[in-house]
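Q: Here is what each chain is made of, one letter per residue.
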Amino acid sequence: MTTMAFPIPRPTHPTGIWNWITTIDHKKIGVLYGVTAFILFLTGGIEALLMRIQLAGPNQDIVSAEIFNQLFTMHGTTMIFLAIMPLSAAFFNFVIPLQIGARDVAFPRLNAFSYWTFLAGAIILKISWFTGGATNAGWFGYAPLTSVQQNPGTGIDYWIVSLQVLGIASLAASFNFLVTIINMRAPGMSFMRLPLFTWMTFITNILIVLAFPVITVALIELYFDRSFGMNFFNVARGGDPVLWQHLFWVFGHPEVYILILPAMGIVSEILPTFSKKPLFGYPAIVLAGAIIAFMGWMVWSHHMFTVGLGPIPVTVFTITTMAIAVPTGIKVFNWMGTMWGGSMDFKTPMLYAIGFVAMFTIGGISGVMHSMASSDAQQQDTYFIVAHIHYVLFGGAIFAIFAGIYYWFPKITGRMYSETLGKINFWITMVGFNLAFFPQHFLGLDGMPRRIYTYDASMGWNLWNGVSTAGVIILAIGILIFMHNIVKSWRKGELAGGDPWDGRTLEWSIPSPPPEYNFAEIPTVYDRDDWWARKRREVRRGVPVAGGSGEDEHHDIHLPQPSYWPLVVAIGLFIGGIGLVYPVGMYAISMVGVFIGTVAVYAWSFEPVNDPEEGEQAAH
Amino acid sequence: MSQEHQVAEEHAEAEVHTGHPTPLTYFKVAITLSVLTALEFGLFYLEWLSYGIIPVMGFLSAAKFLLVAMFYMHLRYDNVGISIFGRDVPIFSLMFVAGLIVAAGVVFALMALFAFFTGGA
Amino acid sequence: MAQATAHHGEHEPTTTGLNHRKMLMWAFLGSDCMFFGTLIATYLVYKNRSITGPLPEDVFSIPVTTVSTFVLLMSSMSMVLAYAALTRNSMKTFRIWLASTCILGATFVGFQVYEFTTFANYEHKVYCADVGVKELTPLKQQLAEKCGTEDEHNGVVEEVVGLTPRTNLFGSTFYTLTGFHGAHVTLGIVWLLSLFFLSFKKGMVTPEKNLDLDLAPLYWHFVDIVWIVIFTVVYLFGVFPGF
Amino acid sequence: MLKSAVILNKLAGVVLLGILTALLTGCTTIINPQNPQSTFDTLGPVAENQLFIFWVIFFAGLVVFIFVEAALLYMVFKFKRREGDGDPAQTHGNTRLEIAWTIAPVIVLVVAAVPTVQGIFYADAGRYISANYQAAADEGRFLEVDVIGHQWWFEFRYPHPTNAGEQIAVANEMYVPVGEPVVFLLDSVDVIHSFWVPKLAGKVDMIPNNDNMMWFEAYVPGEYFGQCAEFCGVSHANMRFKVVAVARDEFDRWLLHQANPAAEPSDPLAAQGKKLFRDAGCSGCHADSNSVIKLRDDGSRIPGRTGPILNHVATRLNHLGMFRNSDVDFEDASGRRLYINSQGMPADVTTGRSFINESMLQANLKEWITDPESLKPGNLMARDGEPYIDPANELTEVEIDALVAYLMTLK
Ligand code: HEA
Ligand code: HEA
Ligand code: CUA
Ligand SMILES: [Cu+2]
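These protein sequence lines map, in sequence, to chains F, E, L and B.
Our numbering numbers the first residue of the first sequence as 114 and each following residue consecutively.
Our numbering numbers the first residue of the second sequence as 135 and each following residue consecutively.
Our numbering numbers the first residue of the third sequence as 501 and each following residue consecutively.
Our numbering numbers the first residue of the fourth sequence as -16 and each following residue consecutively.
Keep in mind the hints are simulated off the structure, nothing from the lab.
What you were told as hints is all true, and nothing was included just to trick you.
Only pairs whose alpha carbons sit at most 16 Å apart, straight line, appear in this in silico EDC-like list of lysine to aspartate or glutamate:
| no. | chain 1 | residue 1 | chain 2 | residue 2 |
| --- | --- | --- | --- | --- |
| 1 | L | K646 | L | E659 |
| 2 | B | K258 | B | E382 |
| 3 | B | K63 | F | D458 |
| 4 | B | K349 | B | D384 |
| 5 | B | K61 | F | D458 |
| 6 | B | K277 | B | D129 |
| 7 | F | K605 | F | E532 |
| 8 | F | K389 | B | D70 |
| 9 | L | K625 | L | D558 |
| 10 | L | K625 | L | E645 |
| 11 | F | K601 | F | E532 |
| 12 | L | K625 | L | E658 |
| 13 | B | K258 | B | D384 |
| 14 | F | K389 | B | E66 |
| 15 | F | K389 | B | D68 |
Same shape as in the complex, but just chain F (with noise of 0.2 Å):
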């Protein structure tokens, strides 16, 4: 076959900043993924911080009101689309070809596509702060305070635009990603082989493929709306708004399940590596993630107890949210049955994941206080519920997503962590994190809002308002010894080699860091567990332990080549977003970002996919 002229050449920068930019190397966009999504962690952090500073005592005028809407708003849109998504990305990117035994992902360029749109998402959300304000109508932006007549500034159209972009990334991920866990496993890597956290991602990219056009064409309407004057949720017109909280909240739901299952995944993995016995009752918890995922479906509207929705409605809710309680508790006393009797090393990334199965189920006790809708209508909306989710986002995602760094930390940089930092990390985390979040339950039941700048001496929240601000100061040392430990350990920590951790899944076979190659040569997998039950097997036969060792290189192994194409398209959309939110001259910058990613699609699909073909054939 011909190879066709291209006229720009593929990119061949072997390091430097422009082979971080044009990578294709799943393993670096995953890294790529990592850092920003952290840095956006700190930054919903901040915005946090500045909060609770305000709240720390009554009365308090440190930040104003407008402001500190904005600051909420912005908290949970960062925390939720901006680090807890892209944390959870970066390990998908990462750890699933590895761990199913592949060189890469399936499309090596829509993934770092992926992730410089989720890059342009970011920046359109993050500069909203210094055009003339950010967002400030919550994270689920009720309909009708978004209405141009509420909210006349540009804050809301940034945030549609931002969503709407993310939603790209996401879903040109979750696309990349189902197709290769299904097509692209080792030999003999049937679906009941899958490690825990590749099935965990599987079932969180078929939510998020679901979900996604849902919240797309809830903010479309928004959109037009806005930009159009249409009559989607304008009471006027005899639009509803509980139309908006229905739409979000399908989406919604479904989309806290996309934070935690990751986390779930993440948790399988480590409990038996560091409890050297199998996941106790594989089946029950792959099984149970895959109703928690179906029943998510069935559950949107313990949102919207208090909407005013009638008794039947609510009580066909509260029954099915209820029931979500039974797929979740399989899932914690299977991983109690994993380290029931085992051999446990409490290494920082068993802390975590020992922390996150404890914190984690009092989040989800307290989401099931809220899903009996009565008990539900005195806690709706006040600090109750900011309690469960910080037990279940925090509690849950975020010590899921540090036991996940600590974990694969070694095999990333080849390096180890400071397991003395690690461990005092934990424990002050933990005292923050509890310190930070629980006094908030008694707020609730004592009857404080959320989403109030201020609140008056009188009403009795003055001390748990200071503790909860006092734990998150402590919350914040722990984050600073965290990266701190994290850097210096990249930088100048022991060499871990290939399988630190007396591994059980593929990713521990071969040496740390990777090679680009991943695997010299492709395993056959004959186990669930293959690593682990490879090494036990070559013990028995008194064959020494192969492998996590670094082996011969000169394998004649083709890789796609970096591309400049997916990030000229991210370009392409982010003008082309920026454009949405001043529609001038006819949407003209926005035709220019168009125009772009038109170019960009042309030269993508045209650009040669990679190798000549004769090297391939020899491959096989």
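Mind docking chains E, L and B with the ligands on chain F? Use the hints.
A: What follows is chains E, L and B with the ligands alone, placed relative to chain F:
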């Protein structure tokens, strides 16, 4: 392009094995689709059908939907199963039908919540 | 294990033997179901909630839309015939069918443009002689009240009450739903045209490399399927009183 | 593992355990029911029912919590890896056990669901009315109040006791008769608000065009805190109100009093204020002498003006539902704060008058009229009111005093 090239080749082969439809089949399907559309159009003007029109039209459009999906989109033919929990799940159908079922569920649930069926508001 | 070797033997580069891009396409279609599902849900939820006219029964013309539906269905047929021609390596037939698909698709879009413009400039007419004989839509009943007043000319009352996306909830939901469908069709035409022109370049579109011709048709048929649903739910049921 | 890390590990574990137990055992005192918005001090049947359901799930949850956390702690100490340990027994699962821990939560949840569903129907106003309307109507008492949300204040409209087709409007402070169910019809003129009086009932949202309803009953006379619970814009935090529960006959007198215009001011300063109220544009947004609003012929409500009705503003125990006009520390025998200590209040108290501290009222009004923005950021009076946006029309000290003097006469 090589990888895809190969796949395509394998694929064409596979289609031969599974008895891919001929243009004649496609043509027959097209005729059926036209007839069904004509039927819809005709039935539409039968006023005595009253509310009966809803199930009838629903059925006809579902039939059209299935014909296109099965034959034109080849769901009948190339739809390899993967084994999950010991069951063979045809993967393309799974992907599409998952979207379809959830979408239909959401549409109906929202209609019920907004009292569409009970004639409220 | 089973599926690793399942379908096509050892040489298969993918686990299932299915092509990556085709699988992505199916996942995308599943996702797009949710996209249109949400738009349709919005349309249905807001049905009968518009405060002012015009309503579906005022503007829709079922015969016209039946014709455009037919056109789109036929484009699906010519699409699949193009695909079949390509696999048989008859490039000429292939191009003919591909071009006719584009033309049929463009015709459909043309119908939509026509529909939108007539709706936007809709003129309601009531022949006063008909009043009482024929059932009138609420909007026309309103007009009929003007019969016998100065607004009546030669036994006819008429008024331009265009339907735009701003007019009422029906306008907003209808144009958004069908507009996004139209945008999908337009995108499909661009894709097919690209393939059409590429097919003149040697080696770009060949029976062996028919991959794009596997994806574009899938997309095209999906858009067709969506229209089947829209035609029934929005048009046929839309005019049906009591739905 | 490093030695220091081991010690740290242990130490921190103990500390954490201590904190957790302290928090748990302290629960009852930690959450002080005497706090004005505590959900644990239920003084009406709806809140009582909701608290009962909370306790049901709380104790169920507590059992689960203790079980999970205790098991975790036990395992952490019991199954710790020791030097030289080999691989532990490789168990992959246990079907019986797994079935057991699937079924156990199901049972817990089914048991908890029963009172919940009952509670949902109990709190539902529509059903409550149809079940109780007749009885209440027979006794001639069944109060229905329209509650209308505005950014950022509450308007309450009572049916006129004698004139059918008329409503009496008040703002930010509402009275209800003790021991009687009251039904609220919830509406909003702008965005979504939520009506919440924690000690009497859980919240229900106030959504434009959505005809929501709720009901509650106050067991004891007193003053209850209410708060808007749905984020509604800049001053959501300051959107508060009060519910004052009084005996039925007092309530009736209060309502009639609200319906009548306040007496003409005799004091010259106040008279000047009255004139100014019109000239400075206050009356564009506020009604000052008339609380009675006719309904439309079809029974629907006529929208009021932009601002709260100020007729009888000087009888309110709180300014804007949040700043106290009264230094009486309402206390009942058990020392519960903020309730009107009343086994039937003295007759002239029905209007709240004897509780009002005139100088506090005056200071509050003056502060508000001088600079509304500082008390309630973003509020529409400061945003749109002539005297506040147009420096040329700015009120002078004297004018403010006159206005305050006038408002003080609106008793
Ligand atoms: C990671 C995210 C995450 C997760 C996993 C969950 C999990 C759950 N959530 Fe949560 N939720 C949020 C994130 C999450 N939530 C967020 C962000 C909001 C607020 C949105 C906003 O308003 O801004 C919210 C709000 C929210 C509400 C709305 C409250 C309100 O606004 O009034 C409700 C109501 O039902 C609810 C319920 C639940 C339930 C029942 C679960 C269940 O899945 C929990 C199940 C887990 C367990 C129960 C623990 C383990 C189980 C056992 C040990 C078995 C035995 C247990 C029992 C018998 C009880 N959540
Ligand atoms: C993943 C989700 C997530 C996470 C991790 C967090 C983390 C935190 N959240 Fe979160 N929060 C939400 C999701 C999350 N939140 C959501 C969805 C809402 C609802 C929003 C809404 O109502 O719309 C919410 C609302 C919310 C509120 C309620 C606001 C209100 O209703 O008025 C509060 C108040 O205390 C709060 C506090 C915090 C705090 C203190 C943290 C802490 O854990 C943060 C810890 C991090 C840090 C403290 C940063 C560390 C930084 C440094 C150490 C500085 C380093 C500096 C440099 C390098 C320059 N959050
Ligand atoms: Cu009104 Cu918050
Ligand atoms: Cu939820």
